[in-house]
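Modelling step: build the complete structure from the supplied sequences, incorporating the hints.
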Amino acid sequence: MPNVNEIADYAQQSANKLGIKKYDIYGSTVDATSVQVERGEPKQVKASNLSGVTVRVWNENNTLGVTSTTDVDAKGLELALKTAYEASFFGVKENVPDFSPEATVPIIHKPGTKYPQAPVSQLIENLLAAEKQLLSMHPAIKGVPYNNLAQRDVDRFYLNSDGAIRAESHSLVSIYLYSKTEQEGKKPRSAGAFRISHSLDTLDIKGCIQETAEKTISHLNYEKIKSGKYTVVFSPDAFLSLLDAFSNLFNAQNILDKQSLSTPDDLGKQIASPTFSVCDDALHPANVGAETFDGEGTPTRRVSVIENGILTGFLHSAGTAKRLNAQPTGNANIGAKVTVSPNFYHVFAGAPAPQQLSLETAENVVFIDDLQALHAGVNSLQGSFSLPFDGWIVNKGVKTSIESATVAGDFLQLLKSIIFVEKEEELTPAGVCPRIWVEELSITGE
Amino acid sequence: MLTNTLLLSKQLPTLQYSSTPERFDETWEAPLSILLGLGRAAGADFIEFFLERVNYISCLAEEDTITSITPRLSTGAGVRVFRGKADCYVSTNDISFSGLKAALEKALSILGLQLPGPNAFIPEINLELLRDYAAKRGKDSWLPLCSSIAEMGEILLDSTAQLQRKAKHIQSRRSSYFRDWQEVLVAASDGTFARDIRLTQSAGLSLLCADGAHRTSMGERSGNTSDPNFLKTWDYQQLAEQIAASALNMLYADYVESGTYPIIMANHFGGVIFHEACGHLLETTQIERQTTPFADKKGEKIAHESLTAWDEGRTENAFGTIDMDDEGMPAQRTLLIEKGVLKNFLADRAGSWRTGHPRTGSGRRQNFTFAAASRMRNTYIAPGDYTTEDLFASIDKGIYCKKMGGGSVGATGQFNFGVDEAYLIENGKITKPLKGAILIGEAKEIMNKISMCSQDLSLAPGFCGSVSGSIYTTVGQPHIKVDAITVGGR
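Going down the list, the protein sequences come from chains A and B. Quick note: the first sequence uses my numbering, first residue 80, plus one each step. Quick note: the second sequence uses my numbering, first residue 1489, plus one each step.
By construction, these hints were calculated from the structure, which means they are not laboratory data. Treat the hints with care, as some may be off.
Said to hold, decoys possible - Derived PhoX-like pairs: lysine-lysine, alpha-carbon spacing no greater than 25 Å straight-line:
| no. | chain 1 | residue 1 | chain 2 | residue 2 |
| --- | --- | --- | --- | --- |
| 1 | A | K303 | B | K1831 |
| 2 | A | K193 | A | K161 |
| 3 | B | K1785 | A | K266 |
| 4 | B | K1831 | B | K1786 |
What follows is the structure in structure tokens.
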């Protein structure tokens, strides 16, 4: 893809030619390589270098049209501007999106950097070694059906006809291992783990192998669980996947569209236990893929969403902020309809809990490691969920794997039923979070 | 210009090709056969190019306003290279000769192969005469016949107005439409050379209703793969009536009590149970990963004798219908299970090589950034001998799953899917609506519990996400009875 200055020049020339006065462009290039292995042999290597831009054009009547294209040369950009201009006459007439007032504000936070990509042969070698080691960790582990070692460089930019121009780059490397067991007379069991870093050198492959093996082995001896109400401890990964599924709670666009469990009037209300707090923090030091501006060029930042159980803020685009008399928060995704999404969660303890809880001393609690099928079992508009999970029943530190069960409830009720937020935070792909204890959740087993 | 004499590697930079990025046609034969020959000369066992151009548009109406019109134009190619059973897939936006050559070179180098030296001869790959499914079926004229932006807007706004008229306690109402026009060209070193155009359209309505603490959401989509007039003839009035009635039924529904029940699953989208619980496990991808319990069961009984199931790409206008798959193979009708006995797996090219099962025209992918994999097309349980009334009459206490949500199957064969609209069955009769149900089971076990199939087969459009991305599929079945299944609830 041409660099951001070349794209700005192409766009300016095409806009002049087409008589377009107001436009903005968001784009990215992703250079990615990933490898998979299977029983000691490389299975598939994928590589790509893909670019794409989204062009927004405002016409003389100030209505907006959008086009996305992967043809990021002068000709492709001209066609995209022309198509967007044609579409603009069918754009909304009320609450028309505009440039972010913060698109030209200087960004203080230092952008990420790119690290040299590792040779593909090294990726294969590392993944083969990881598979071999994982298979050697227990005789019951018979395969690693899902495995992936991937690296990617991301270049992204935003520019507009008022002179805003931003660009940044970062590198990501990740590994995913998911092993499966086979034992005579027993059901197959499985578990996985994930790690992410800036470069292969710093990627915790060993930790990923260890965690995958430990989890998989811990599920070998399983028992059914009796259906009933239990105190449930969510792993950081499980809790963040559930929080994210209900993120319409604090998504200003969803709220304005009436596609949320919240209304604008809910700000300041106690919606969760006082012991629970959450921020959206794109710039958290643990976020290896941190981005310093959103799709509208607004700088990202730390946004308090729930503090001591009180709903304190929404995630905004420039448009939702204007409509709700707030500041943009750097959570916008550019499009004909600008959408809003979280960047990186940071969940932490709020007010002190009435009692300190520990898996070492608790009796008969369910520890949920991984929630599954969220796309099927979450009704984010009703607030309800009913989800299969991988986990254990824990008695004074002794974990016994649960054969097959689901957890169900109402998410707003769950937030109010949080009884303890542990101190130790863990990094997950969605953010950082400690274990979260919730009382009285329905578990269906036998 | 391609010469008649044997080509030397060093002559490549001097070649000029007239192939045009604006259309995939016979002019691509020369550059692609040269590139395929180049790959073979480098030592690759097999090379395939997949070229794609997409013209996509989506439109969203919320309440009485069009809030989003999003066109997307995309061009790209993927090259897949095999060396032994290892393969490498490289994708690029650049479909010029040099762009494709660079992608090929990268794929070769990843597999430890190099382009031949300057004095090496490039072997000629004789591609078949272009098999042009688009030309054969007049598809080149389809795109301009589709609804204009103005027409999309009018129809979508009228459909949300229908929801306003027919539903009660409305919190929000939406209508959406997309048109996905895709032109593809496949050329491979076994001589495959084929082109197709796919026109996939879908329109849907959704409704969110609230009354105090009671909330419910309901939605339904229609889909089509080859009718440019689809949107013009979309029966949104009937659809609006249907989801308004369902939403009202579910608004005050009680949560289902968890437990094990006999269930009746409705026809149409109820077929998602077979798709998730069995269909995925019959893809050779799953055999390769050793994640299917059916890998060595071909010819054996894996399901109740009342169950026969198909996967095919040929039903006129169904959402998973394709004239050729993404590896250039014509679509087939594949019998999966006959009276409970496993007959066939679904195989793409690589899956066939790696597992020994014959290709079935099932190599599919979302777009050029994915290598093809064995995937489903139109997948359904065949009609049985019973009436729907027979199914209900056989249940004293159970659950009628009228409208299914999505679902998934895990690496150990455990599946689950949500139920958007459910009712309690007592003494063979529907008595009250239930919400919050999720069905959970083991694929291997559930297939033997589908004991009754009625005669009312109906197909429904769906979207299936898996290793080669999100693709358009059809699920389907008649009403079926499952003797016992775990229902997660409260």
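Practice task
Could you grab the alpha-carbon distance between K1785 (chain B) and K266 (chain A) and see if it respects the 25 Å cut-off?
Solution key: 17 Å, holds
Problem - Agreement of K303 (chain A) and K1831 (chain B) with the hint, judged by alpha carbon distance not exceeding 25 Å - result: 34 Å, violated
Practice task
Measure nothing beyond the straight line between the CA atoms of K193 (chain A) and K161 (chain A); if it is 25 Å or shorter, mark the hint as holding.
Solution key: 34 Å, violated
Handout entry: Proposed proximity, K1786 (chain B) with K1831 (chain B) (alpha carbon, max 25 Å)
Key = 6 Å, holds
This entry does not satisfy hints 1 and 2, going by the numbered hints stated previously.
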